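Residue-level listing of the chains:
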Amino acid sequence: MQAKLSVAALSVAAAFALSACGQKEAPAPVAAPAAPETKPEIVVKLGHVAPMTGPQAHLGKDNESGALLAVEELNAQGLEIGGAKVKFQLVSEDDQADPKQGTIVAQKLIDAKVNGVVGHLNSGTTIPASKLYFDAGLPQVSPSATNPKYTQQGFATAFRVMANDIQQGKVLGEFAAKQGVKTVAIIDDRTAYGQGLADEFRKAAEAAGLKVVANEYTNDKATDFKAILTKIKSTKAELVFYGGMDAQGGPLVKQMKDLGIKAKFLGGDGVCTPEFMKLGGPAADGEYCSLPGVPLEQLAKGPEFKSKFEAKFGYQIQLYAPNAYDAVMVIADSMKRAGSVEPAAYLPEIAKTKMEGVSGNIEFDQFGDLTSGAITLYQYQGGALNYVETLGGAPVAPAAEAPAAPTAPAAPVEEKK
Amino acid sequence: MKNWLSPKSMTGIALIAIALIVLPHVVGMGGQAWVRILNFAILYVFLALGLNIVVGFAGLLDLGYIAFYAVGAYTWALLASPHFGLHFPVWAILPIGALMACVFGVLLGSPTLKLRGDYLAIVTLGFGEIIRIFLNNLNSPVNITNGPQGITLIDPVKVGDFSFAGTSQIFGMTMTGPQKYYYLLVALALLVIIINVRLQHSRIGRAWQAIREDEIAAKAVGINTRNIKLLAFAMGASFGGIAGGIFSAMQGFVSPESFSLIESIMVLAMVVLGGMGHIPGVILGAVLLTFLPEVLRYAVTPVQMALFGKILVDPESLRMLVFGLALVLVMRFKPAGLWPSPERSRELSEKPVEVVK
Amino acid sequence: MDIFLQQIINGLVQGSIYALVALGYTMVYGIMGLINFAHGEVVMIGALISITVTSTLAAAGMPLGLAGLFGLVTAMLTCMALGWSLERIAYRPLRGSPRLTPLITAIGMSIVLQNLAMIFWGRNYMTFPPLLPKVNFEFAGTHFTLVQVVIVLLSAALMAGLVFLVYRTKLGMAMRATAQNPAVASLMGVNINRVIASAFVIGSALAAVAGVMVGSYYEIAHYQMGFMLGLKAFTAAVLGGIGNLAGAMAGGILLGIIEALGAGYIGDFTGGFLGSHYQDIFAFVVLIVVLMFKPSGLFGEKTGDRA
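Residue numbers (the working numbering), protein chains in the order written: chain A, 1 to 417; chain B, 1 to 357; chain C, 1 to 307.
For the record, the hints were derived by calculation from the structure and aren't laboratory data. The reader is advised that the hints may include incorrect statements.
[Stated by the list, open to error] Dumping the calculated EDC-like pairs for lysine to aspartate or glutamate here, alpha-carbon to alpha-carbon at most 16 Å:
| no. | chain 1 | residue 1 | chain 2 | residue 2 |
| --- | --- | --- | --- | --- |
| 1 | A | K45 | A | D333 |
| 2 | A | K257 | C | D268 |
| 3 | A | K257 | A | E238 |
| 4 | A | K87 | A | D333 |
| 5 | C | K294 | B | E215 |
| 6 | B | K114 | B | E215 |
All figures in this text were calculated on a predicted structure; none of them were measured in a lab.
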């Protein structure tokens with residue numbers, strides 16, 4: 001009995017020892033050697049949280065890359081805040097899109113005394129984590145959580161640089177009505193994001209006079225949609241709306257074509273990715289999707305950001321990288337205006353942000369949502385995403401005169417059946 | 001274990017008590033995140049002990065145990081949040097949660113009474129999934145669970161005006177939220193452990209053991225196997241329900257994503273790895289398997305740097321890989337678990353009758 | 001009502017795949033009493049290997065059909081080796097242990113294989129090259145493709161082949177004997193180790209084919225695709241009566257059809273209360289109901305409780 005007790009005690013102690021060791025070996029802040037110049041240099045840690053493993057890992061990596069790009073640019077500028085040279089450092093964590101992990105990781109960042117958090121990616125993890133950040137007074141800017149609840153909780157530290165589902169769903173409903181269809185079928189993937197978006201779309205579509213003839217459901221790990229698509233086919237809906245992500249959206253449109261369904265397809269930002277095009281193949285052609293903000297090509301900073309990103313990381317922007325970039329910039333900009341990197345000092349400044357981000361105009365309302373909830377609609381054509389139109393939100397004045405891309409799209413093409 | 005009051009036992013108990021009291025502050029020096037992880041470890045201890053009754057004592061293979069955790073969590077969420085506008089106090093909700101879990105335990109157990117071991121496994125697995133899917137979809141036509149969006153702004157545990165969330169000053173010491181929850185959890189855990197130990201050595205416990213060893217003989221001796229099995233399910237479920245309630249309160253947010261099949265499998269792994277049917281072993285299993293992935297999260301990068309000078313495989317992928325390997329290796333070399341009960345390790349160290357060469 | 005026929009077709013195709021995978025589970029369980037949780041991962045590895053081989057060969061200039069064939073054969077051989085190693089390394093040392101020990105090992109191996117696949121092939125979904133030309137058929141208002149026809153026919157052929165193997169060859173006889181009573185079988189001169197290894201190897205070969213089928217059908221593959229598929233296939237095997245070949249086949253097809261019809265019609269029957277959002281659990285609900293009336297599954301033998 002005693003032997004077993006000591007074995008147990010030893011193993012538990014070993015676990016703790018290892019963890020303590022791990023703590024000590026966690027990346028120590030890179031302190032520059034004491035410079036002979038008069039300006040002290042401080043390291044400002046910014047946390048970043050997204051799923052880095054699991055089905056959405058490609059999006060998590062994308063966010064991280066966008067944030068990294070911003071951090072490097074800021075460091076290259078050699079900012080001075082409050083009389084000290086500032087060097088930013090990104091502390092990246094994986095929440096696996098699991099709410100429990102999200103709170104653990106949030107606590108970790110709070111313990112590590114980061115000065116701000118960019119994250120999380122999913123609404124399901126952002127919302128519980130936001131309570132911790134609020135209790136710790138740590139500003140949190142999410143680049144991609146679209147669930148309206150996030151900002152409705154009344155936390156002064158919660159912001160997002162992306163239109164929420166209410167704004168997006170409304171625009172999508174209006175757009176659907178403009179397509180000249182009378183009946184729609186709605187599919188959602190039973191996640192917080194998919195269901196939220198689909199619900200808002202349903203409200204907007206019905207308000208615009210469309211009839212919802214089918215409500216079908218799937219899940220975020222499914223590959224077979226034939227059963228629900230067959231049902232939808234029998235209702236002869238003219239438009240199919242999908243609230244969910246690219247990993248299901250791609251096979252979904254393929255199977256639609258296999259079954260001979262001629263309805264149009266419309267989705268949210270979850271299916272507006274290169275991954276959707278890859279997985280959908282030729283079936284993705286002609287389908288519509290939406291992205292919050294104004295297209296990169298139409299803002300002076302857009303094409304520049306795109307080429308910088310691709311040059312540095314060697315792959316295309318997946319989805320929210322521009323928003324992650326903007327989130328970092330918002331924090332840095334607020335720190336500049338407050339003249340301090342301390343959360344308590346620059347938090348009030350975030351609410352007063354007025355800047356031109358890569359993803360659009362950034363100004364916050366009293367809840368922490370973007371005031372200009374502009375949403376842009378695209379159509380896949382010939383293997384590329386073509387701009388259709390921008391709806392909702394205040395009109396955005398392009399920061400510079402002409403877009404840099406010589407092949408700027410001509411008048412938006414709208415298909416009317 | 002013979003004489004609780006002998007000097008040796010007393011010193012042992014005193015040492016353990018001191019260690020338990022000081023633990024959150026020691027662990028907290030590495031950051032509050034570790035106290036949080038410690039709290040999750042204790043929650044898993046609850047779950048593992050509950051599952052231990054079903055799997056370890058009664059020998060019923062349950063692969064859907066997490067459903068009871070979910071029931072407990074949602075009971076708290078529904079009775080103490082803005083969702084329905086109810087704000088019941090903790091001493092009312094925890095018993096209600098435990099009771100709800102018991103009811104579900106009996107519901108889940110009843111159809112399985114006639115089933116053989118592995119059929120039982122798949123049916124319980126099915127039940128776990130059924131509960132999760134229902135929780136995910138009961139938001140229309142009547143919004144009961146708020147579907148995939150989950151329930152937010154759940155009340156923390158409150159005793160009068162004293163809330164367990166947030167930092168407060170007690171006896172002149174500063175204690176953070178996670179540290180306060182730790183003491184609550186340890187107190188409840190001790191209660192649960194004592195109940196388990198008493199159960200194990202009671203008539204009911206012996207009846208469970210009889211059913212596990214040989215159900216027909218048990219029936220022949222006059223044990224009402226039906227009721228005893230249902231009792232196992234119900235008692236096991238109740239601990240899960242209590243743990244679920246505290247989980248809800250701690251997180252402030254609950255959604256069906258937290259109650260997937262993987263979680264059920266994790267709890268089962270904790271029970272089997274630790275030492276099935278042996279309470280100290282099960283506790284060890286729960287603590288170890290909660291900390292192992294987190295330790296790996298920290299350790300994987302430095303170890304790779306030291307060995308190879310660069311990162312070959314990123315930490316997240318390696319974490320689960322090592323976890324899986326750990327399961328395989330422990331089962332290969334210590335099949336009775338890391339800390340089995342003396343009887344089991346005797347049973348298993350006898351060379352099994354090898355039919356094959 | 002024409003969608004009824006379409007739903008049946010959908011279910012039949014999906015069910016054939018379930019049946020193939022279920023056979024692997026049932027063979028191993030029948031002989032060893034082990035739920036091989038890692039079997040779903042073998043399917044996944046089969047799919048991913050065939051993608052890699054086919055794409056590489058096709059990029060090097062081989063015609064797609066031939067490259068696909070090479071990919072299939074490579075996948076089968078690799079999976080057979082994988083199945084054999086699994087048995088030899090992970091399960092054989094545990095023979096005679098209480099039932100839960102190999103189960104946890106199987107779960108551990110499942111996690112190991114999934115993560116190895118993630119490390120090796122990456123986290124993103126991969127597109128499966130189209131091995132068969134896209135031919136669409138229409139019949140009585142239903143749409144189906146060449147791929148679907150091939151899947152159903154190929155599965156049927158493989159299942160027939162397996163039945164032939166088990167009931168008409170010496171190896172099959174040895175397998176049946178071992179399933180009934182390993183001790184006596186070995187006394188009769190049956191090499192139990194070889195029989196068990198064959199069960200794993202044959203099951204894995206079928207799994208590889210199933211993996212290629214799933215990949216061709218949905219045209220995607222992913223390191224997590226095996227888990228849910230394995231679970232459903234195992235459910236199918238239990239539904240049909242585990243340990244029983246005919247049961248696994250019937251269970252698989254039945255499960256596919258139940259899921260398709262359920263997703264299609266439950267919404268109508270319950271006025272929208274239960275709908276396709278519950279489609280993942282139709283299988284389980286049906287299973288529970290069946291087991292309540294036939295505790296050994298649809299075709300399961302009434303094995304007396306062995307003391």
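Here is what the structure says about each hint:
no.: 1; hint: K45(A) with D333(A); result: holds, 15 Å
no.: 2; hint: K257(A) with D268(C); result: violated, 25 Å
no.: 3; hint: K257(A) with E238(A); result: holds, 14 Å
no.: 4; hint: K87(A) with D333(A); result: holds, 14 Å
no.: 5; hint: K294(C) with E215(B); result: violated, 20 Å
no.: 6; hint: K114(B) with E215(B); result: holds, 11 Å
The structure fails to meet hints 2, 5 from the earlier list, while all remaining hints are met.
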